[in-house]
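J.: For the sequence shown, my numbering assigns the number 44 to the initial residue and increments by one for each residue that follows.
Because the hints were derived from the structure by calculation, they are not lab data. Treat the numbers as computed from the prediction; the structure is a model and nothing was measured. Fair warning: there could be bad hints in the mix.
[Claimed, not checked] Listed next, the in silico EDC-like pairs over lysine to aspartate or glutamate satisfying Cα-Cα at most 16 Å (straight line): (1) K79 to E95; (2) K86 to E57; (3) K86 to D69; (4) K79 to E104; (5) K81 to E95; (6) K81 to E57.
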Amino acid sequence: QQLLEMQASYGTREVLCIYGSLSTSDRGDIFRTVEKIKTAGIKVSTVGVGAELYVARAISEQTGGNYLVATHAVQLREMVLRMTTP
């Protein structure tokens with residue numbers, strides 16, 4: 044988060060997560076963390092591999108990012124390229 048906060052004002056603050064788990068193990072209140080991310084103007088997009096995860100979708104939606112689920116390797120590649128190509 045600190046690295047993204049140092050980004051120049053004319054740049055964007057974005058994170059792309061590729062998530063392959065069916066559960067999370069959060070050390071704290073994940074929604075408090077989401078509020079900090081939103082306040083810092085960081086957009087989080089997620090590509091889930093194989094299944095949808097509620098927390099990952101919520102973080103992506105609340106920060107203005109995208110949430111996609113890939114069901115096979117070709118689809119995963121296409122989704123990552125779509126989200127990373129300027």
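J.: Work down the list of hints and note, for each, if the structure agrees.
T.: Status of the hints after comparison with the structure:
At most 16 Å may separate the alpha-carbon atoms for a hinted pair to count; K79 and E95 exceed this at roughly 24 Å. A distance of roughly 5 Å separates the Cα atoms of K86 and E57; the hinted pair therefore holds under the 16 Å criterion. Distance hint between K86 and D69 is unfulfilled; the C-alpha atoms sit about 20 Å from each other, more than 16 Å. Between K79 and E104, the direct Cα distance comes to roughly 15 Å. Compliance with the 16 Å bound is thereby established for this hinted pair.
Distance hint between K81 and E95 is unfulfilled; the C-alpha atoms sit about 22 Å from each other, more than 16 Å. This hinted pair checks out: K81 and E57 have alpha carbons roughly 11 Å apart, not beyond 16 Å.
The structure fails hints 1, 3, 5 (numbered hints given earlier, in ascending order).
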